[in-house]
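Participant: If you're matching them up, the sequences are chains U and C in order.
Just so you know, we're using the numbering used here here: the first sequence kicks off at 1 and counts up by one.
Just so you know, we're using the numbering used here here: the second sequence kicks off at 1 and counts up by one.
There could be a bad hint or two in this list.
Which copy is meant is left open, because identical chains are indistinguishable; a pair holds if it fits in one copy or across any two.
[Said to hold, decoys possible] No more than 27 Å apart at the CA atoms, straight line, and that leaves these computed lysine-lysine pairs for BS3-like:
{"hint": "1", "residue 1": "K241", "residue 2": "K77"}
{"hint": "2", "residue 1": "K21", "residue 2": "K77"}
{"hint": "3", "residue 1": "K242", "residue 2": "K178"}
{"hint": "4", "residue 1": "K178", "residue 2": "K150"}
{"hint": "5", "residue 1": "K150", "residue 2": "K21"}
{"hint": "6", "residue 1": "K216", "residue 2": "K241"}
{"hint": "7", "residue 1": "K54", "residue 2": "K21"}
{"hint": "8", "residue 1": "K54", "residue 2": "K166"}
{"hint": "9", "residue 1": "K17", "residue 2": "K77"}
For the record, the hints were derived by calculation from the structure and aren't laboratory data.
2 protein chains.
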Amino acid sequence: MKKITSINNEFIKELNKLHEKKERDKRQQFIIEGFHLIQEAKRYLDLVLIVDEKDEVAGIENILVTKEIITKLSFTKTPQNIIGICHYFDENQLTGERFLILDNVQDPGNLGTLVRSALGFNIDQVIMSIDSVDMYNDKFIRATQGAVFKMRMIKRDLIEAILDLKERNVLIIGTSLKASIDLDSLSSINKYALVLGNEANGVSDDILKLVDTSVKIRTNSLLESLNVGVAGGIILYYLDKKQE
Amino acid sequence: MKKITSINNEFIKELNKLHEKKERDKRQQFIIEGFHLIQEAKRYLDLVLIVDEKDEVAGIENILVTKEIITKLSFTKTPQNIIGICHYFDENQLTGERFLILDNVQDPGNLGTLVRSALGFNIDQVIMSIDSVDMYNDKFIRATQGAVFKMRMIKRDLIEAILDLKERNVLIIGTSLKASIDLDSLSSINKYALVLGNEANGVSDDILKLVDTSVKIRTNSLLESLNVGVAGGIILYYLDKKQE
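For reference, chain U alone in the conformation it holds in the complex (with noise of 0.2 Å):
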């Protein structure tokens, strides 16, 4: 096994780049760290940096590095002793019948708990605009606690996406605090893409005047708002559950 003992080793600060988008955008490549996260990621890692044999991950380059090296190379204060590079996941179109559409949802934790929701509610593709946080964000990551690497994650124009979707007969799901219809009014759907907004304005203007339909969850008139995460989780679940 490789080994690599220097913190100012060529490699390793080369690898210390992908902490920047740019970097990650040219290679294509990015960082997770945690033996959760690794274990789920398996079909995306291109090498694994560990600090003890014993945590070999099998079918893959492993290189023997320092604590510090680990230490370097992580996002969090106290890392578990293993870094994985990952390669982009290269979803290239839209695919499937149920879509969570993501219109500049900026807050990373938001956004991973919103992939969790998306695996749990069997969305088949989460598409989030070009200006939503980026899907290799190492807190994004974390939030999803896995689930990234097991829902199809693309960034796409909306509009462009939209208007596909719609002549492949999905019904396009807004969501507004002024919208009229109650969650709990809308009727089992087949084919569908809920539209979620930025946490401070919601959907977009210029998107909300595409959508089929437009609902909101009816609350105690004490709240101003749900958090995005929240209301997607509940439309998801409610959108999920009519088809059973």
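Once you have looked at the hints, place chain C on chain U.
Facilitator: Relative to chain U, chain C alone:
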């Protein structure tokens, strides 16, 4: 209007100690920041520090300070020009018919999201276990977006609290991935307490022994678990809708 310009002013130093839980508990006070939160927190505000006289808050003491002082007292990198000092909520008894019980929920973001959902779905009181995150933690307060000031919040020994609620005929609903009852087979209930658990370990065994029923949310088997904030939101939505 009183004015303080030195960051080394004794009173400012004293206020800065409120960053520590021990000191907060001693004085029964905590710091909040931002115009929106201060608007929502009116009934708990003792004092505000402002940079500009035009931001004066009516009905309480205002002190004019420098931006440097605001930055010192703030928890965020780019604070708004206002800091508020609030007193503790002083909630000392179980009250109402609908409860959300949080057994050692640790992430301030999850807890904040849950309090928003509790307010939205007509929960009367949130009961936190003694070992849950501090309810005056700044990240928690911010994550509630002010909902915490409209919700009754109390910390209690959960076993005592649950026994007390059972005597009042409140149905105690646990959550567990091993539960045999799916959420959608739960019937309409008037008085209920939903128990949510720790992010990693769920509801503790001691508490699960006391629940009247335990529910799970059916999801695709590829998903290990939903985020606790999302799971809580879905169940609270469901219980609230069943009442209508």
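Participant: Hint by hint, note whether the structure agrees.
Facilitator: Structure-based check of each hint:
In this assembly of identical chains, the alpha carbons of K241 and K77 never lie at most 27 Å apart, being 40 Å within a copy and 43 Å across copies at closest. Within a single copy, K21 and K77 get their C-alpha atoms as close as 20 Å, and across copies as close as 22 Å, so both meet the 27 Å cut-off. Proximity of K242 and K178 under a CA criterion of 27 Å is satisfied in both settings, with 23 Å inside one chain copy and 23 Å between copies. Taking identical chains as interchangeable, the C-alpha atoms of K178 and K150 lie at most 27 Å apart only when they sit on different chains, with a minimum of 23 Å there against 34 Å within one chain.
Only within a single protomer do K150 and K21 lie at most 27 Å apart by alpha-carbon distance; the minimum there is 22 Å, versus 41 Å between protomers. Taking the shortest Cα distances, K216 and K241 sit within 27 Å of each other both inside one copy (17 Å) and across copies (14 Å). Within a single copy, K54 and K21 get their C-alpha atoms no closer than 32 Å, and across copies no closer than 42 Å, so neither meets the 27 Å cut-off. For the identical chains of this complex, K54 and K166 are neighbours neither inside a copy (52 Å) nor across copies (51 Å), given an alpha-carbon limit of 27 Å.
Within a single copy, K17 and K77 get their C-alpha atoms as close as 18 Å, and across copies as close as 25 Å, so both meet the 27 Å cut-off.
This entry does not satisfy hints 1, 7, 8, going by the numbered hints stated previously.
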